[in-house]
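Residue numbers (UniProt numbering), protein chains in the order written: chain Z, 1 to 539; chain B, 1 to 224.
Quick caveat, the hints were computed from the structure, so don't treat them as lab data. In this text, all values refer to a predicted model and were calculated from it rather than measured experimentally. Any given hint might turn out to be false.
Claimed, not checked - Pair ranges (Cβ atoms, derived): (1) Z:183 - B:107: 28 to 38 Å; (2) B:161 - Z:9: 49 to 59 Å; (3) B:160 - Z:82: 55 to 65 Å; (4) Z:249 - B:69: 20 to 30 Å; (5) B:215 - Z:131: 25 to 35 Å; (6) B:131 - Z:21: 26 to 36 Å; (7) Z:440 - B:108: 47 to 57 Å; (8) B:108 - Z:131: 21 to 31 Å; (9) Z:249 - B:3: 30 to 40 Å; (10) B:209 - Z:30: 36 to 46 Å; (11) B:209 - Z:520: 51 to 61 Å; (12) Z:294 - B:3: 14 to 24 Å; (13) Z:183 - B:215: 36 to 46 Å.
Ideal Cβ placement from N, Cα and C applies to all residues, glycine included.
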Amino acid sequence: MSADFLSKTYLVVDDFSDMRAVVRSILRSLGVTQVDQARDGKDAIDHMQQKRYDVVLCDYNLGVGKNGQQVLEEARYRQLIGVDTIFVMITAENTRDMVMGAVEFAPDSYLAKPFTKELLQTRLTKVFERKGDLKKVNKALMAKDYRGAIAELDRLLATKPKNLAELLKLKADACMAANRHDEALAIYEEVLGTREIAWARIGVGKVQFHKKDYAQAKETFTQLIEQDHNLILAYDWLAKTQTALHEFAEAEQTLQNAAKLSPRGLHRQQLLGDLALSNGNTGEAETAYQRAVSLAKHSVLNHPALFAGLAKSKSSNNKHAEALKVIGEIGKTFADSDQAHFYASTATAVVKGNQGDTEGAKQAMQAAEQAMRNLGDQRQNPKLALEMAKTYAGLGEKEKAAALLHQAIANNHDEDEFLTEIVQVCRAADLDYDAQKAIREIQQDVIKTNNNGVRLIRQGEFDAAIKLLREATEEMPANKTINLNTAKAIIMKMEKTGATTEDILAVRHYIDRVQALAPDDWRLADIMIRLGQLAASRN
Amino acid sequence: MDFSDILASSIHDIKNSLSLILNNLDELIGDPKNRIRDPRQARLLQHEAQRANSNLIQLLTLYKLGNAQLVVRISEYNLEDFLDEVIAANQAVCQALGLELTHNCGPDLSGYFDSELIRSVLDNAIGNARRYAKSRILLSADREDDCLVIRVEDDGAGFPARLIGESQSIMQPPIDPDNPARTQLGHYFAAQIAALHETRDRQGRIQLKNAHRLPGGCFELWLP
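Take the sequences, apply the hints, and build the full model.
Put into structure tokens, the structure is as follows:
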């Protein structure tokens, strides 16, 4: 084995000490010298905090506490392992089923027990090779530089590699993330031209969804499920599509079916709870939230909103005392954070309201408003605004709810999924606010402003364009599209007439705003690269 | 807790045990100072432990298949990489038994299948071949009649005449009392898994014959 391989550091995670010894002795027999061991999920995280590992060999089943998947999630989420770290999940049987769907948290490789040392050696050698080949791609993906990633993938694809299919899939994913839907579609169709392959067919459905061709998307996902009843990903996308079509009851049923097949998906249970609650199926909502809360217990993705959802659904089922107890857990589980305060307060307001305790509800609402103020920049988080609006609506404060929703629409005029949630809230709370009309009007306004801005830029009237867009950002400070377009207008001006410190700082300001709202926004990378080039040109 | 959970958790434990047995045997055999009088005994133990493992996977897979819970995930794979791994998983036991295990496959051949399922079919076929081979087991992959054909051949006495032929005859669970049940279960399993690989107009199948490249038995997996 190459020296490069042997000089690496390894972490072996298993709750069974004899198994750790087995894996360690296999590694030793391969000449590896630097092997640390962890006995459970927490121990593994502690080790990764102390030291950077090149390879983590982690059993899926770790007894009480985190499972292997949750270790991987936390390690990636908290960046305890880098893009170059190899994470191998060791499974007793085919546990791939359990973790499907969480693409960004997929391990580099699965290894079924028992494995021989020859197999481990062959596998690691190949994974090292693949990681090496994909080094630039992974780096670019980490930096959300999709353009760079796609260019590098094209270079690799041109060499007619062995893992052509894998690279095509990666490229399609990158194209989707970069909003280059037509290029992704071309890849899916190329693959499907040879043969019917599930990931490519799902890809076609995703493109249809993103192009708002919901009827077609629904057809695609429904057919996929008919062909393979176990294809979880198709259920999740079908539910998303049905939600977009405002077929909320059908969406709930689809998620219910998916949750039956794969009950361990945290996000799916939360979505199901949300849908069931707003559909008025309080019993189903409670079950789903109960599952979500227990699944999240050892997870880095745990969130006060899950407890709030459980409390609200319990209260809807007239279990007010239990609901308040769940709310009590929020403070215990999450360190003194304003978000935790916020969710605890809104949930309390709902429970008190349901109990007929108007005064208690009012006080809780004041606490929620205070928590919201304390949140500073995070205040603009659309989820929080929605939660607040829902609570106001539930307590009969319909005007306050409508005002919040109006602002939320303005800030998110092109976020279709979020807008659907707003429509849902209005429907569930029976608000006298025509969300669909408001959405149409706001969208028309924003589009008009945008078009005017673009026209002015084309005419070379940069200052006028920037002034127009800047005014719009004052009105809609949390609207990502407006902020980004303003930044882009300033960049184009600088590209034409030269960079100034003042302009660079202004662009930075808009980028910061968007990053605070959505660090994953696909449009950020391009703007940051162009800003970087401008800044460099001044030096 | 439903039965598949109980099954999954038992299998987890059994697999841990098998891992320990296999790896300790591996160390024992590799240790020149070991005091086993007949090293062949240790090798047979290793061979049997691996067969127990293959059988366990087969059982679980058939159980899932019976309950419509089996997820078949077909992707495109490079055959050389794939067979490298299959050989790596089986090399130690074959070497210990004095058998040469190699593959014959070009670097550019690729095919569509569920790698986990096909892996267990091949592990099982190799386990079978180990019992009959004199000195060699050969894996190969080719494209023939627009199908991917994976073969496991040995240089033993070959399959008995009544087993030779198409896979249809083994789509029924084994009942023949004259034949070792586990061999038949293995073929039944393989035929089931092959049939899960289908395109619009064609279905995967297995075929048994003798004296293809090597003089002994030849297990063929045909995948569209």
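Status of each hint after checking the structure:
At about 29 Å, the beta-carbon gap between residue 183 of chain Z and residue 107 of chain B stays in the expected band of 28 to 38 Å. Between residue 161 of chain B and residue 9 of chain Z the C-beta distance comes to about 57 Å, which sits within the given range of 49 to 59 Å. Range check, residue 160 of chain B to residue 82 of chain Z: about 57 Å between beta-carbon atoms, so the 55 to 65 Å window is met. The given range of 20 to 30 Å is respected by residue 249 of chain Z and residue 69 of chain B, whose C-beta atoms sit roughly 27 Å from each other.
Roughly 43 Å separates the CB atoms of residue 215 of chain B and residue 131 of chain Z, a value that falls outside the hinted 25 to 35 Å. Remark: the range hint 26 to 36 Å for residue 131 of chain B to residue 21 of chain Z is upheld by a beta-carbon distance near 31 Å. Against the hinted window of 47 to 57 Å, the Cβ-Cβ separation of residue 440 of chain Z and residue 108 of chain B comes to about 55 Å, which satisfies the hint. Checked against the hint of 21 to 31 Å, the C-beta distance between residue 108 of chain B and residue 131 of chain Z comes to roughly 22 Å, which is consistent with it.
As the Cβ distance of residue 249 of chain Z to residue 3 of chain B is approximately 32 Å, the hint placing it in 30 to 40 Å holds. A C-beta distance of roughly 39 Å is found between residue 209 of chain B and residue 30 of chain Z, which places it inside the suggested range of 36 to 46 Å. The given range of 51 to 61 Å is respected by residue 209 of chain B and residue 520 of chain Z, whose C-beta atoms sit roughly 55 Å from each other. A beta carbon spacing of about 22 Å between residue 294 of chain Z and residue 3 of chain B agrees with the range 14 to 24 Å that was offered as a hint.
Hint check: residue 183 of chain Z to residue 215 of chain B, Cβ distance near 53 Å, so the stated range 36 to 46 Å is violated.
Taken one by one, the earlier hints fail for this structure at numbers 5 and 13, listed in ascending order.
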